[in-house]
Amino acid sequence: MNVTLVFATLRQRFTSPLRLVILLLLGWMPMLQILLAPRIGFAALGDCYFLTLTLAAGMIGQDLSSGTLQLLLARPVTRAQYVFSRWGAVAAGTFLIVVLQALCAASLMLARGAPVPWGQAALYLGNSALLALGLAAVMALFSSLASGIADLGLLFLAFLSAQVLEKVGMFKSWDWLARGAGELLRMLKPELDLASLVHGGQVPWPAVVAYLSTVTLCLALAVVVMNRRELSYASSGN
Amino acid sequence: MPLPATDVPAAGPPPRTGSPRRDPMLLLVVAVVLLVLRAVLGLREAPPQATPGPLSGPDVVHWRTLEAGLAETRASGRPILYDFTAEWCPPCRMMQREIFADPRAAAEIESRFVPVRVLDRQREEGRNARWVDSLQARYRVNAFPTLVVARVDGRESSRLEGFMGRDFTLGQLRGTGVNLRWGMTGQAPPDSR
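As given, the protein sequences belong to chains A and B, one line each in that order. Just so we're aligned, residue 1 is where the first sequence starts under our numbering, counting upward by one. Just so we're aligned, residue 239 is where the second sequence starts under our numbering, counting upward by one.
Bound conformation, chain B alone (with noise of 0.2 Å):
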């Protein structure tokens, strides 16, 4: 909405400066200098990481590499659950704690998927491995957390967006487990706790 006329300010002191078009001169030096070292940094900075790495905290899932996890589930016949994560992410870290730091939620997960972590790096390193963005963008992950069960022939089973609680997640996940494995769909899954 545009500013009544009658809105326009009495705008204080007169400045300084005879020209009220002077360009800022420290600011546009500043801002050079800044761009010049930013691309200093950005040069000199490592590649992404091409393994995934832990989230800080405690966790107990075994969380295998993508080629390892690749080959294990055409060998067991066992679903990817890849956990789209971040070290950011507020509640990412809440569902680490309550699942995957619990020694019984992790044996659970293990026994029904193969565990894959995909660790965003973006906002830390400005960039991911291209495994990362390549999975991000295949399983089209806008949020995080985000768990993504996965056939063995790589198509998407079914998601889960954000973190709901402990209870709902790991029922979500039992009910994603007994689909995939004796492909019944549509059937309400057995409580295997």
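Just chain A, with the same shape it has in the complex (with noise of 0.2 Å):
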């Protein structure tokens, strides 16, 4: 990973207005439940999925369709850093929004005298960070195979086309292909929840191979998709 190019993807992010109107009604609309009910306590925020989606569209396409990443990649960068320290800084910025949230929701809490519950703060932030990296990792995927933000309408259109072979599956009870289905949705939201590792006291060893086995796969996948780019400064981006 390249510091360097995580502060810049960082400061490209924040810096487009529309993403910044996103993130601001998609922060602030669990604050009035929580302003109206306080004591819902920080499950009011949900997870940080549309967060996540609103700073990762377009991480690699809208530089590929810019024609920014033949410039960025005449310098001594490895396509491989590149990747991953987009990956990274979506993250990180997703993780800094959710810690602001949480912050937020604390301060909101206090002021109505509702007691704020600590261990539910702590494990709303690991699993928001559990989220924000493997989705993160998903979005590079797409978005090494799309320019500008048609990452988004490819996860869309895996999403659609899993929902709807599990429903087939399960109508004509075809388990295998309920299965395979669930998978690939489970891929999509790729998620590990530490609340049951901490209230059942024991490691959930599937949930955690398949978190672990869709970020390696999704990050290794999207540097082998970079790696068999070819660009030049005549491309039109594709």
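Since the hints were derived computationally from the structure, they do not count as laboratory data. As the structure is a prediction and not an experimental result, all values here were calculated from the model. We treat Cβ as the ideally placed atom computed from N, Cα and C, and that holds for glycine. Honestly, I wouldn't trust all of these hints.
[Said to hold, decoys possible] So, partial list: chain A residues that the calculated Cβ filter (under 10 Å) puts toward chain B:
| id | residue |
| --- | --- |
| 1 | GLN33 |
| 2 | SER173 |
| 3 | ARG179 |
| 4 | ALA210 |
| 5 | LEU212 |
| 6 | ALA220 |
Combine both chains into one complex, guided by the hints.
Below is the structure:
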């Protein structure tokens, strides 16, 4: 990972006006719920799926379509470093927002005289970090395949296909199809629930392996795709 | 937003390897190994439970299995109260602690409804039993906890998503029970506490 690239990506993501508006909307809405019912705790914040998507959309594809990537790779940076830096920056940016959200939520709870469930806050932060790292890896793969923000379209298409296949599998009683589609759905939202680890006291190995497998596979494939991509200054970006 | 050309960073020290396009072989190997392990663990996984497991923690509601609940609702005419819940969900635990673990609230629920718990195991086991998925799809459950009151014919009468506190939840359930029992819609329910 290249620290300079990470900071450049963070600056690029957080100076986009449209992204900032979406992030503000996504971050503000749960605060209203906490304001009305402070005892609901950090559960009102939900997960950081859409926050991550907002920061991740076009994380590589926009550099491809704008021609920035050609300039960037003229520097002594490997393509793997580029992909890992983008991934790390998106995950770190999401986690930064999540921490801010949690601090705001805790302040609101204190202001309304409700107890702050600090244990729940720690779980929320841990789960969010894992989801951000996982989803950023998935988006890195989709973004390496498509220019602009078409990665969002690919994600939606994959999600829709998996849902349809799962329903068909259930309707036809084809267990293999339903399970395969279920696995695909899990890959599209890679998360690991730390609560089951803390409360259950046992490591959910299938879930841990599934999560790690998704993250490593998506990152490795993203690098492979980028390594095979031919870039030229005359390219239209595809 | 594309990275402006002026923002292209001077990217630190040069890479140690000769080729900027070297494939991450170690990462690929790890990914493949994990993928194989995932498949093996998935195949060895036990099939999902056919009956709902209890949420951890105290609970004094006598939850029926789906089959028993359907039979009881047909016999008694009382609507079914589906509790769509999950172990990992903090508001579900809060609802359980404040409502389902309270003997008075539990007795009131059982007098009005036939309670059936639908426990989601997607996160823990990767998939749910078919009847759980089927009920979630039928009643369009997108969040936990969700309480759905269904008439004897299975049609949804009302729903409550999320946990907004004990009094609010019980108040809503009382209103639903009265409406269903006497078919009075849009009428303020009497407080039966």
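We went through each hint and held it up to the structure:
1. Because the beta carbon of GLN33/A sits about 8 Å from the nearest beta carbon in chain B, less than 10 Å, this interface hint is met.
2. Taking 10 Å as the C-beta cut-off, the interface hint given for SER173/A holds, the closest approach to chain B being about 8 Å.
3. Taking 10 Å as the C-beta cut-off, the interface hint given for ARG179/A holds, the closest approach to chain B being about 6 Å.
4. The restraint placing ALA210/A at the interface with chain B holds, with a minimum CB-CB distance near 5 Å, inside the 10 Å limit.
5. Interface hint status for LEU212/A: upheld, as the beta-carbon distance to the closest one in chain B is roughly 5 Å, under 10 Å.
6. For ALA220/A, the interface hint holds, since its Cβ comes within 10 Å of a Cβ in chain B; the closest pair sits about 4 Å apart.
The earlier numbered hints are all upheld by this structure, with none contradicted.
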